[in-house]
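**Student:** Taken in sequence, the protein lines are chains A and B.
As numbered in our numbering, residues 583 to 869 make up the first sequence, in order.
As numbered in our numbering, residues 3 to 348 make up the second sequence, in order.
If you're looking for bench data, these hints aren't it; they were derived computationally from the structure.
Hints may be right or wrong, so weigh each one.
Across the chosen pairs, the derived CB separations fall in these ranges [unchecked claim]: (1) B:Pro-106 / A:Val-824: 32 to 42 Å; (2) A:Ala-784 / B:Pro-297: 30 to 40 Å; (3) B:Leu-109 / A:Val-682: 32 to 42 Å; (4) B:Val-51 / A:Gly-781: 31 to 41 Å; (5) B:Ser-52 / A:Leu-711: 33 to 43 Å; (6) B:Val-51 / A:Val-682: 31 to 41 Å; (7) A:Val-682 / B:Ser-52: 29 to 39 Å; (8) B:Asn-38 / A:Leu-711: 47 to 57 Å; (9) A:Thr-632 / B:Trp-48: 42 to 52 Å; (10) B:Pro-106 / A:Ala-823: 37 to 47 Å; (11) A:Gly-633 / B:Gln-271: 35 to 45 Å.
From chain B, some residues computed to sit far from chain A (all C-beta separations above 10 Å) [as the list claims (entries may be wrong)]: (12) Leu-25; (13) Ala-56; (14) Pro-111; (15) Arg-138; (16) Phe-139; (17) Leu-150; (18) Val-155; (19) Gly-236; (20) Ile-282; (21) Leu-286; (22) Asn-291; (23) Ala-324.
These numbers were taken from a predicted model, which means no experiment stands behind them.
For every residue, glycine included, the Cβ atom is placed at its ideal position computed from N, Cα and C.
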Amino acid sequence: MNLIPFDLLTPLLVAALGALWSERAGVLNIALEGQMLGGALAAVLTYHFTGNLALALGVSVAFGAVTGLVLAWGTLDLGADPFIAALGLNLLLPALAGWVSFSLFGNLGVIRLTSGAAPLVFGVPAFFLVALGLTLATQALLFHTPWGLRLRAAATAPLVASRGLVPRGYQRQGLALSGALGALGGAFLGLTLGAFVPGISAGKGWIALVALYLGMRRPWTVLAACLVLSWTEQASNLLQAVRSLPSGLVLGLPSLLTMVVFVATSAAQKRFSPGTVRRPSPGRNRR
Amino acid sequence: MSSSRSNPLSSGVGTLVALGLALGLAVVLLAVLGPNPVGALRAFFWGPVSSGLAWGNLLNQALLLTLTGLAASLAFGAGSFNLGGEGQTYTGGLAALATALVLPALLGPVGTLVALVAGITAGVLLGALSGWLKVRFNADEMITTFLLSASAVPLVDAVMTGPGIGAATSMLIQSRPAPEAFWLPGLLAPSNFHVGVLVALPMVVLFGLLVNHTPWGYRLRLMGRNRDFARYAGISTGLYALVPMGLSGGLHGLAGALGVLGTQHALVQGFSAGWGWNGIAVALIARTNPWAVLPAAFLLAFLDQASRTVVLQGQFPFQLSALFQAAILFFITARVLPRFGRGNRA
Numbered sequence: 583m584n585l586i587p588f589d590l591l592t593p594l595l596v597a598a599l600g601a602l603w604s605e606r607a608g609v610l611n612i613a614l615e616g617q618m619l620g621g622a623l624a625a626v627l628t629y630h631f632t633g634n635l636a637l638a639l640g641v642s643v644a645f646g647a648v649t650g651l652v653l654a655w656g657t658l659d660l661g662a663d664p665f666i667a668a669l670g671l672n673l674l675l676p677a678l679a680g681w682v683s684f685s686l687f688g689n690l691g692v693i694r695l696t697s698g699a700a701p702l703v704f705g706v707p708a709f710f711l712v713a714l715g716l717t718l719a720t721q722a723l724l725f726h727t728p729w730g731l732r733l734r735a736a737a738t739a740p741l742v743a744s745r746g747l748v749p750r751g752y753q754r755q756g757l758a759l760s761g762a763l764g765a766l767g768g769a770f771l772g773l774t775l776g777a778f779v780p781g782i783s784a785g786k787g788w789i790a791l792v793a794l795y796l797g798m799r800r801p802w803t804v805l806a807a808c809l810v811l812s813w814t815e816q817a818s819n820l821l822q823a824v825r826s827l828p829s830g831l832v833l834g835l836p837s838l839l840t841m842v843v844f845v846a847t848s849a850a851q852k853r854f855s856p857g858t859v860r861r862p863s864p865g866r867n868r869r
Numbered sequence: 003m004s005s006s007r008s009n010p011l012s013s014g015v016g017t018l019v020a021l022g023l024a025l026g027l028a029v030v031l032l033a034v035l036g037p038n039p040v041g042a043l044r045a046f047f048w049g050p051v052s053s054g055l056a057w058g059n060l061l062n063q064a065l066l067l068t069l070t071g072l073a074a075s076l077a078f079g080a081g082s083f084n085l086g087g088e089g090q091t092y093t094g095g096l097a098a099l100a101t102a103l104v105l106p107a108l109l110g111p112v113g114t115l116v117a118l119v120a121g122i123t124a125g126v127l128l129g130a131l132s133g134w135l136k137v138r139f140n141a142d143e144m145i146t147t148f149l150l151s152a153s154a155v156p157l158v159d160a161v162m163t164g165p166g167i168g169a170a171t172s173m174l175i176q177s178r179p180a181p182e183a184f185w186l187p188g189l190l191a192p193s194n195f196h197v198g199v200l201v202a203l204p205m206v207v208l209f210g211l212l213v214n215h216t217p218w219g220y221r222l223r224l225m226g227r228n229r230d231f232a233r234y235a236g237i238s239t240g241l242y243a244l245v246p247m248g249l250s251g252g253l254h255g256l257a258g259a260l261g262v263l264g265t266q267h268a269l270v271q272g273f274s275a276g277w278g279w280n281g282i283a284v285a286l287i288a289r290t291n292p293w294a295v296l297p298a299a300f301l302l303a304f305l306d307q308a309s310r311t312v313v314l315q316g317q318f319p320f321q322l323s324a325l326f327q328a329a330i331l332f333f334i335t336a337r338v339l340p341r342f343g344r345g346n347r348a
């Protein structure tokens, strides 16, 4: 039992920060699940062929940013529904991953790295320190710079933002950043595991959205939410070792516990802030 | 953000454009990447209708997708997102099988009916639970349906091989078979087709009439268009959030139960994988209109069977259907063609 389960926390936190950037710009990014998977593949493949960690992370981030821009193109320029277009990306990216894997290795299965690629700094995983840095950077950029203010304004007050600003541009940047962070989360996942396996993201992109709302859409509280969710996952991983428990119960437990936590938080938010709209719903038409 | 847009699912030409793009993508991929473009295209377009067996599989899949598509449409139409179709279908299958194992075989068709109802009930409970959590605690149903489904699937996997249900000897991970007395009669053997899935046709009529031609359906569609206005108009928004989710879950459960009693005759691991997500794609192509669900389901089933044939005949190395569905979903609500005067509406 680790107080801070770094390997579980880091990918989730980075992806949840990705969710935060898009949500704050007013377009919730549902494609995180696919972007994490794609980012993991990009990083593992690049590391496999070059052995260069920085390059692997860079390729992964660039890939994620491109998928974010594709989503922005679909939703902002073509007027597609952000929710539905993102579901499309969530289907497309695993299919593409299968294709790439098949073209390169002749199978749809596992790509294993010969050596793990998760360096330690003073005994702490470097990826976790990067994730902490990103949390700090998100807080600073989003809440303490004019750019961050404008990006948030693009979501909360389209009319205000349109006085001399272009909300669409900020939303595009939010989606690109979101995709980049989602992919980076996936890269951390794959490189820490030392392998790419189909379905590696395993719902983490969705859990990142849960963390966003649990964390009340602010960076440090999102960090706290991710910590709670990774304790949950760690607890169910530990339970898996208990022989007497049925394995299905244990495998289903993380989602179930996450749901309980989510419902409890929703209930608390409903109770303590009556009459406030919790968030702009993705894909849903309010007016 | 969404204040100036009309309902993304209710308007226009986008469907045809998205379908055209997806089909174009298919043809281009087959022609460019396949080892034998002519053979690949022939297998793609001719394969799904080339024999009784192929027809049977096509009809079976299309009618199952009609059910899950109707399920997704009902929730979407009322402005709720049901992303739990996978778990609801799978759990429906488990409930039907468990019931069939318990009932005495001499009940015959009555037992089949009871098992189907059990499957429906399981789905209703799962769907309505998310609806209730939304009404009671304001917990977003998009998240809760997904999480409930994600926890239900491994649970069903575990029960399937557990005591009383698991098969003693089998190469597949599956349960004991249901008593033969409860099997739904097959059609076009040895395909997957059976009489049970025909129930999808009256379902289309039922929900087509309900949604489009009754006050209940009008209020449901009003909920989907604008929940605030619906509340302002005095509609019980709680009820109209709960009931469609329950119905949606029930239709998913029915699809799962039919798969078990008609095709698999046992609970086979992952037998319904993809039915829920594909149902969402069908609902979107149909723009949540129940009448349009039937052709949309046939189209997706054809694409899926076509890409299966291409793979089976060695004309192409991997499944294309995910790519088509991705392309369809990505473009279905997009304005690929410029439309005029749109800014003045809504």
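**Student:** Taking 10 Å as the cut and beta carbons as the points, is B:Leu-25 off the interface with chain A?
**Tutor:** 16 Å, holds
**Student:** Against chain A, does B:Val-155 keep a CB gap of more than 10 Å to every residue?
**Tutor:** 7 Å, violated
**Student:** Regarding B:Ser-52 and A:Leu-711, is the given constraint of 33 to 43 Å on their beta-carbon distance met?
**Tutor:** 59 Å, violated
**Student:** Is the Cβ of B:Ala-56 more than 10 Å away from each Cβ in chain A?
**Tutor:** 24 Å, holds
**Student:** Hint says 37 to 47 Å; check whether the CB-CB distance for B:Pro-106 and A:Ala-823 agrees.
**Tutor:** 41 Å, holds
**Student:** Given the hint of 29 to 39 Å, is the C-beta distance from A:Val-682 to B:Ser-52 inside that range or not?
**Tutor:** Hint holds: Cβ distance 32 Å, inside 29 to 39 Å.
**Student:** Non-interface claim for B:Leu-150: all C-beta distances to chain A beyond 10 Å?
**Tutor:** At about 6 Å from chain A, B:Leu-150 fails to clear the 10 Å cut-off, so the statement is violated.
**Student:** With 10 Å as the threshold, tell me whether B:Leu-286 passes as away from chain A on beta-carbon distances.
**Tutor:** 6 Å, violated
**Student:** Are all beta-carbon distances from B:Ile-282 to chain A longer than 10 Å?
**Tutor:** 7 Å, violated
**Student:** Within 32 to 42 Å or not, the Cβ separation of B:Pro-106 and A:Val-824?
**Tutor:** Given a distance of about 38 Å, which is inside 32 to 42 Å, the answer is holds.
**Student:** May I ask you to check that B:Asn-291 keeps its beta-carbon over 10 Å from the closest beta-carbon of chain A?
**Tutor:** Label holds. Min Cβ-Cβ 16 Å, cutoff 10 Å.
**Student:** Return holds or violated for the Cβ distance of A:Gly-633 and B:Gln-271 against the range 35 to 45 Å.
**Tutor:** 38 Å, holds
Of the numbered hints stated above, those contradicted by the structure are hints 3, 5, 15, 16, 17, 18, 20, 21, 23, listed in ascending order.
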